[in-house]
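Asks: Got chain A; can you put chains B, C and D on it based on the hints?
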Amino acid sequence: MNIHNVSRRKFIVTSATAAGGMMLGFNLPAQAAQMNANPWELPTDKEGQEVNAWLAIDPDGTVTIRVGQSEMGEGVFTSMPMIVAEELHVDWKMVKAAYASGNRYLRQKAEDYQVAAGILNEDHQVYRRMGTGGSGAVRRSRTFLQQAGASARERLKEAAAQAWGVARADVTAKDSVLSSGNRTGTFAEFATAASTVALDVEPVIKTPDQFNLLGASVARLDTPLKVNGSATYGIDIRLPGMVYAAVRANPVPYGGIDSYDADAIMGLPGVIQVVEIVPGEGQDLRSGLQPAVAVIANSYTRALSALDQMPIKWSATPNDGVNSRDLFADANAALGMPGAISVDEGDTAGAIAGATTVVEGDYQAPYQSHACMEPFNCTVHITDNRADVYGSFQNPPGALAVVAEQLGMDPINVFSHTTFLGGGFGRRSRNDEPRQAAEIARQVGRPVKMVWTREEDMMQNKMRPMAVARFKAGLGPDGMPVGWHARVAGHSITAHIRPERIENGLDNSLLAAVRNHPYNIPNQLVDMHVRNSHIPVHYWRSVNASQNVFMAEQFVDEMAQAGGHDPLDFRLKMVEDLEDWSLVLNTLKEKSGWTTDLPPGTGMGIGISEEFGTVVGQVATVTVSRRGQLTIDKIVAAVDCGHLVNPAIAEGQIESAIVYGLSACLAGEVTISGGQVVENNFDTFKVLRINEMPIIETHWALTGGDKWGGLGEPGLPPVAAAVANAIFYATGKRPREMPIVHTDLSWG
Amino acid sequence: MALTLTVNGTSHVVDVEAESPLLWVIRDTIGLTGTKFGCGIAKCGACTVHIDGRAAKSCTTKVSAAVGKSITTIEGLSPDSTHPLQVAWTELDTPQCGYCQSGQIMAAAALLSKRANPSDFDIDTEMADNICRCGTYTKIRAAIHRAAEIAAQ
Amino acid sequence: MATIRISIPETAAKDEIVEIRTLISHPMDNGYNVDARGQRIPRHILHTFIVTYNGVEVFHANLHPAQSTNPYMVFHTVAVETGTLEFTWLDDDGSVFSDTRTITVQ
Amino acid sequence: MAMIDSTRRSFVTRIGGGAGAMALLTVVPHPASAETIDLPERESAILEAAFGSSVLTPGKISLDMPILAETGLSVPVTFKVDSPMTEADHVTRIMGFAPGNPEPVLADYQIGPRAGLAEVSTRIRLARTGFVYAAAKLSDGTLWGTKFSIIVTLGACVEDIFDLDWQRDAERRAMRAEARAAAAAE
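Protein chains in written order, with the numbering used here: chain A, 136 to 883; chain B, -14 to 138; chain C, 1258 to 1363; chain D, 346 to 531.
With the rest of the complex left out, here is chain A (with noise of 0.2 Å):
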């Protein structure tokens, strides 16, 4: 059974992971088409002929479809490719992936079967979006790809039509085949014919329930590459005659430099030269240069054992006083002041002093760090009027502007080469590095890698905001809410990126998943603080909400025990005028097995939050020992996202969304003292192991119609909620603050 055969009906498919097996969808064979293990865009090997921007068909058949997202582990090296190759009816096995070029997407604008067809207009570029980030891949290119794919099938098979004096509505085409009759012809043929053929009326795209390759588990492409080493990630460029950069900023971010003495250490073997970076006039905290100084030398281990060696005085700063616990003082004073209204319907102050029952409660999240698997790099290469930039590019255009800019070059002479990405989780959507790799290409006049170690990556991090909450609700006499009150008080990414867009002091985003909760109270206040730090902040996987649903569904928990209610029934009670979110908890309920009635020690918990129009419900299972060692046995996730593309790589995100929270709610942090960050590498910031990862199902609700839900992100906010609610069943105690390590668990 293809799941989009059954469109209408709601229905579950489960995917249970135990052994990794697939209940649904099928692993097709090895593909013939051998990937590139350069995947940024490369002239085909072979001269093929490009049907449009987004699809070129060589002599033998294979079939290169351009990506215009980064490859980050979630899977659109696969995931867009299929899109594609769904309505252009390409045998898979002949389709390899390769990236969009970011120069090209600046120099052409929307092709005119995109514009004819309605999808773009005419002032969009040819690649239309290229920033990677919202879990909005599938969402926000779906049209456009499948387009690309619809119209490149009807113009292949007009081409055979015209060679063959037939109508195109007697051609099909099938697994690369077009035939009509007893004639048939491959794509590759009538690719060059197809390239020129003009069309009155473009194609229409599928709806979901024609689709046959979206929905099935396909392999993904890039596997191959990932098991033997040879993807190439940015760290792992090497071009001709290029050297090698170690270099180090103020440990107080964007503290400057006294001085340094590169005298002592220019003799050191393959040490060529010291480079200094500056921040030029008008350059800020959003987007400049930090002062920085880089050395370069013929081989990073020997940059970067010449820069440990030389001595460096970094400035005094006004932050150097600046420490976490100062910081949280300051935004839980906040929290006992109006903030900036974002959300006020009724009259939630009165509802709760006449409330049979008052509900309170504080809660905290640090700040924290991507900590991706390959630290910051970069590559840059200048020649006379033209520059190229390879790196792991979460945003190729931004990373192309960013080297322009510095460089004083005109953007159309500027080309970024995207590699896979060792993780991205948002951090690689700010590219500040790739314009300090310009500026030390710029001084060196060479082609130049930089590599920052592990601590300058987590120390130069750009964190995930710290942020505290206040809950305040009323319940009637029936236990169910009649008032509710939000308040948060935390480090705005906006503020610091976009202030324009802060309008006297609110920044919703700050308040994602409290703002918009799915709950049906009568009564709501919202409310928020900006609090700032100079600590610069950016996107991390699912942005506020990985604080905030660890908030929230702990407070809603709390009314639920204060009104006598299951946490889970009194959920079902305050979405039943949802079908979706209904669906996602009855769901949960059936496949978790669900019960509070659990012996001492171990506890269920439920968590549930919607983000990027994905609804994402889950169900911890925690044991903790009587001197309070906590185990996490078993997360059961519910997810209603819509529709599949590809139900393996979707699995894989909820799965790796859960991971990545979990060793953001267990044990890792990131403090700052002396105005700089504490955990500076693997040793104490602490991420989840395997010896710590529990069983995890994932069980899909799918809703269908038109939701086209995110899947990168949104699966990663409910683990915090579940696993701290599991906590209070397993031991009576309520984790507060984030990580849960400072919690004393220890019960009986």
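Check before you lean on any hint, since a few could be wrong.
[What the hints assert, rightly or not] Derived contacts from chain D toward chain C, CB cut-off under 8 Å, selection only:
| no. | residue |
| --- | --- |
| 1 | Val400 |
| 2 | Leu418 |
| 3 | Pro444 |
| 4 | Asp453 |
| 5 | Val465 |
| 6 | Ser466 |
| 7 | Thr467 |
| 8 | Arg473 |
| 9 | Leu483 |
| 10 | Gln512 |
| 11 | Asp514 |
| 12 | Arg517 |
| 13 | Ala519 |
| 14 | Met520 |
I should point out that these hints are in silico values taken from the structure, not numbers from a laboratory. C-beta atoms are modelled at their ideal positions from N, C-alpha and C, and glycine is treated no differently.
Replies: Relative to chain A, chains B, C and D alone:
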């Protein structure tokens, strides 16, 4: 100074300082970039190689300590990804971003050479050094069991 | 005190069109930036830039919040006669910044 | 200060590789094919007040700026008008607009024959991806205009990544407000 290293059966004469980390000699001097840099303090496992058949963190192994030894990197595990682990890894589509997977596979290969049919407990203790930020641990565990099956056939 | 940098040829041929480049240091707070508490930093910009040539106005710019920090301006004028050019910037807070340059016309 | 060279407004580029046959990709960044340049309401009102009319004929004035900027904090731009700048025929005023900015006006220059050349370069702030407009008034009273589409990458996803979540929240709240109103009416 000139040192001779045997990597994946090939000997290389490299002009590097004796205390250089083996990781960077393999990556920058010899040019095998499949072995990855993740932390530099032997805490993440991305740099795992084999030295005389045993798993070693190449970021904290001095190149001088590897002279005269047989060094194996991910590129040397098999000529065409036919090692049971590579077959199992591909069959289960284990990698996501893939950056840690060379180290994961090399650590798993050393485990399999010690224990042909490792238990989950064996895997937990042996593979706890190898961080995966994408969280592919379930598939890593399943792929190791699958590789043991393939090797046994 | 705002630092001012002006580049203009010292000599020019009669009626030659000369390029003038000016830079003045000023934060140009556009009124849409916010402080660490998310509160708007009030608008404080240079709102007018006037250039006179022997007393005759040859360039007049109304500056707006979209003008970048440290306003930079490149424009041209005809070297009609030897004389003095005066460059004046007017600040929201009422202060006036000015500087002069002379040009000799053969 | 390196000024961006402005020689590449429209050119033909051969796309290497992929296309066996040479694919001529002509970039006409801002086809001013329409009869007039129509500005959004806010901007045309200001233009009306300043120039006496907001009907701009495409031509004579050009905008030279990079097609891409990262933060948009300091974007180099050159306003250039094709005019002899004589007593009889010269530019009297040049204005620039950015509908995507919190405030519409980018630039406003009053010049005359004494300028000799109608070309002004500066650096401006742009808040988001979109069109930038330029308008020129000549001594004969005629008005000319152009527009340029620029991409601002940093913060581009700030406004839209939560679009769907806010929309679904608004729908829920509206549905429930109606239900409460209906219940109250009974």
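Asks: Decide, hint by hint, whether the structure agrees.
Replies: Status of each hint after checking the structure:
no.	hint	result
1	Val400	violated (22 Å)
2	Leu418	holds (7 Å)
3	Pro444	violated (12 Å)
4	Asp453	holds (4 Å)
5	Val465	holds (5 Å)
6	Ser466	holds (4 Å)
7	Thr467	holds (5 Å)
8	Arg473	violated (12 Å)
9	Leu483	violated (17 Å)
10	Gln512	violated (25 Å)
11	Asp514	violated (22 Å)
12	Arg517	violated (27 Å)
13	Ala519	violated (28 Å)
14	Met520	violated (31 Å)
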